[in-house]
Amino acid sequence: MPLTGVVLLVATALLVGALAVGLGAIIVLLARISRSLANASHNLGLIPEQFGPLGPAVLKYTRSLAGLRAEADSTQAIDHS
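So that you can map any letter, position 75 of the sequence shown is 74 in numbering that gives the first Met the number 0, and since no number is skipped, the others follow by simple counting.
Keep in mind that the hints were calculated from the coordinates and are not lab data.
Cβ atoms here follow ideal geometry from the backbone N, Cα and C, with glycine treated the same way.
Please note that the accuracy of each hint is not assured.
[To be verified] Label pairs and their in silico Cβ distance ranges:
| id | residue 1 | residue 2 | range |
| --- | --- | --- | --- |
| 1 | Ala56 | Ala24 | 22 to 28 angstroms |
| 2 | Thr11 | Ser35 | 35 to 41 angstroms |
| 3 | Ala24 | Leu2 | 29 to 35 angstroms |
With the sequences and hints as input, model every part of the structure.
Listed below in structure tokens is the structure:
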């Protein structure tokens with residue numbers, strides 16, 4: 000394989016790796032935003048109309064996240080002694 004082929008292969012591998020890292024960062028950011036929205040809707044008692052036309056679906060999703068979090072918190076609080 001000529002040297003240019005090796006350079007092209009390495010450059011392609013680096014580009015694919017960078018894209019994977021970037022996509023992972025975007026997913027983590029969206030998860031944090033989603034969790035923040037779930038906490039806000041749960042703590043403030045927000046109503047669906049405040050989220051626009053997709054409000055009911057957004058609120059149902061955020062409440063399910065808040066419920067999962069509350070369930071996790073309650074299972075951690077159990078004393079097994």
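Practice prompt. Starting from the hint 22 to 28 angstroms, judge whether the C-beta atoms of Ala56 and Ala24 obey it.
Written response: holds, 26 angstroms
Worksheet item: Taking 35 to 41 angstroms as the hint, is the beta-carbon distance of Thr11 and Ser35 inside that range?
Response: holds, 37 angstroms
Worksheet item: Is it true that Ala24 and Leu2 lie within 29 to 35 angstroms of each other by Cβ?
Response: holds, 33 angstroms
Checked against the numbered hints listed earlier, the structure breaks none of them; every hint is satisfied.
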